[in-house]
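Can you build the whole structure from these sequences, using the hints too?
Chains as they are written, first to last, in this note's numbering: chain A, 1 to 271; chain B, 1001 to 1419.
Since the hints were derived computationally from the structure, they do not count as laboratory data. Among the clues, some could well be false.
[As the list claims (entries may be wrong)] Okay, derived cross-link-like pairs now, DSSO-like style, lysine-lysine, Cα gap no bigger than 30 angstroms in a straight line: (1) A:K235 with A:K210; (2) A:K235 with A:K247; (3) A:K151 with B:K1314; (4) A:K145 with B:K1314; (5) A:K210 with A:K192; (6) A:K192 with A:K235.
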Amino acid sequence: MTTQLHTPAVRVRDLRKTFYEEERGEIAAVDGISFDAVPGEVFGLLGANGAGKTTTLRMLSTVLRPTGGSASVMGHDVVDEGGKVRQNLGFYSASTALYPRLTARETLEFFARINGYPEDRVQARVDQLVDRFGIREYEHGRVEKLSSGMKQKVSIARTIAHDPPVLIFDEPTVGLDVMNAIEMVRVIDDLKADGKAVLYSSHIMSEVEKLCDRIGILHRGRLLALGTLDELRKKTGEHYLEEIFVKFVTEVSGSDAVVPGAFGQIDRPGS
Amino acid sequence: MNWREIGILYRHELRSALRERTIVVNGILIPIFLYPVMLWGMFTAVTFVQGLNEGFTSRVVVEGQLPALNTELRDSLATLPDLRIEDDVAEPRAAIAEGRLDAIVTFSPAQGDVGVLPGNFRVDIAYDGSETRSVNARDRVESAVDRWRSGWLEEMGDDLGLDVEDRAVFALTSENVSTARDVSEQVLGYMLSVFLIIMVAVGCFIPAVDTTAGERERSTWETLMTVGADRGSIVVAKYLYVATLGIVAGALNVIALMVSIGAVLEPLLGESGASLEVALSPMAALVMVGAASLLALTFAAAMMVFASFARSFKDGQAMVSPVMWLIFLPILLGGEGSDVNLSVNTAVVPLLNVSMMIRDAIRGVFVWEGIAITLGVSIVLVTVLLLLARRILSFEEFLTGSFDGSFWRFAKDRLLTRG
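As structure tokens, this is what we get:
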């Protein structure tokens, strides 16, 4: 059993989410998943479209309320302490757009302030971000007039404007060209080096393979496996993540079984 | 709820809004320029049409014979610069109907006892009451005959040895006891209450849709839902922003009207001998500011609730339109000529009460009991709407864009059926 070196920044236990649809009744989008993410780690959630990745991350960001189980960010419960959770979190996804009528600088100032960053340090923080992401030349340009590449930089900068300890990136490279996708991966590597706990969801195997310290494979709302890439390789005997993913999914297809031992260091509920 | 967060969000909304052309046009430029320009346009059009009608020469056919003593009347008609006697018109009545002729003047002997007076006669004028030009012809002929009659009566009086004072059997004079201020209050009481309600609603409309449906369309809802602010702070900040723009629109409109109404309406009122004196008492101004605030707070809450489910700005406009139509009801019920006044009973009807409160304030009438009830009713209504808005935000389906973008579907599915 692996020794846990850090206190988890994110702690998820038996998390569940069901939706109700008139035609289909109750649908379990997330069905009792558990994992931790620690500072300085990129934790990847890998799954096909509809696997439950976005629902999980939306519950962690308090956009959705869990139906069962529990989750906390930096010790704050996502249900009872939503505001505290969000102040400790930066959330980036394709569905979190920027305000088009604000300038890049105003955008960063707004997100730093509204997320509780100390007022007397806001300008210094914004200057730091402007330099770090190379947007000095465009800082006074309205977001709506920026190129998609610049928008992406501003969007990442606004996600970390309040310097949160936990960052969530939900399918961040969707719709990006090759150069911007590479830039995104580089930024996430930097954030990891800064000691942030990063939750990264994707269905692109190469990105997950390259970026993530540990990987959770999600399928139909259930976590089929969790571990480092090496642990998953050993478990399946496959080398490439794509083959590992297919193997896990194929094994459980048509059954409720979860691959034994796949949860690694996580204490499974009821165990 | 956190006032620091509300302040940050409020400034953010305002800054963003003031860079949106539609909001600036609807919330600032239209309130300033629309009604003064509209009134000026109406005045110009009326005076232009009047000028055109007055400039036309009236075409008249004169029939019948005048007594020998008054044959000169016919000649005097012929010398009028704005009247022309037509000599050769076939079927004159048909010509009036076809617009080729304006009036037929028929002279005939006086009938009955008055017929014994020497030189007395009768005049019949046929004209088309639906045509301004024909009515003008009638007025010109009547005026000429009146002048002739006065002169004739004076001559008759002189012949009978009556002096001027004896001939004035009774004097008829009229006096307008209303002051210029009374006239102003009557005109403004109607115009300002109507325009204020409409302008506050127009001022709230686009911001309410933009800050709800617009956010969803721009995909910034989820961005906002993931910031560290309390959800209650978000609702209150957005609400105050919409209400602010409503109040600004209303205030700008009132100021623009007050500045321009005298210059625009003075010439029109001048013809009736009245004049405008625009002066609001401090109390009236205070009540109007309060009324505009109540209107803005109510409209903002109602419009945000309806627009919040829409998936696009266009859908939001469609959802809020019924609210705009509802706003016209109090204008119709409490408008000029209506017998409905602010009282303990009518003060419980939302919006109508505020409309009447404004009208009364301009006239210098303050029904304090009614004003207190109006305030109470408005606060209750706004509170209910805000609680509803807060409750709506607590439903996660709201964020994920369910309910077909419709408030009614939401009410049916979550408030009425499943709670």
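Going through the hints against the structure:
1. A:K235 with A:K210: 19 angstroms, holds
2. A:K235 with A:K247: 10 angstroms, holds
3. A:K151 with B:K1314: Distance of about 26 angstroms is within 30 angstroms: holds.
4. A:K145 with B:K1314: Status holds; Cα separation ~23 angstroms.
5. A:K210 with A:K192: 13 angstroms, holds
6. A:K192 with A:K235: 26 angstroms, holds
Taken one by one, the earlier hints all hold for this structure without exception.
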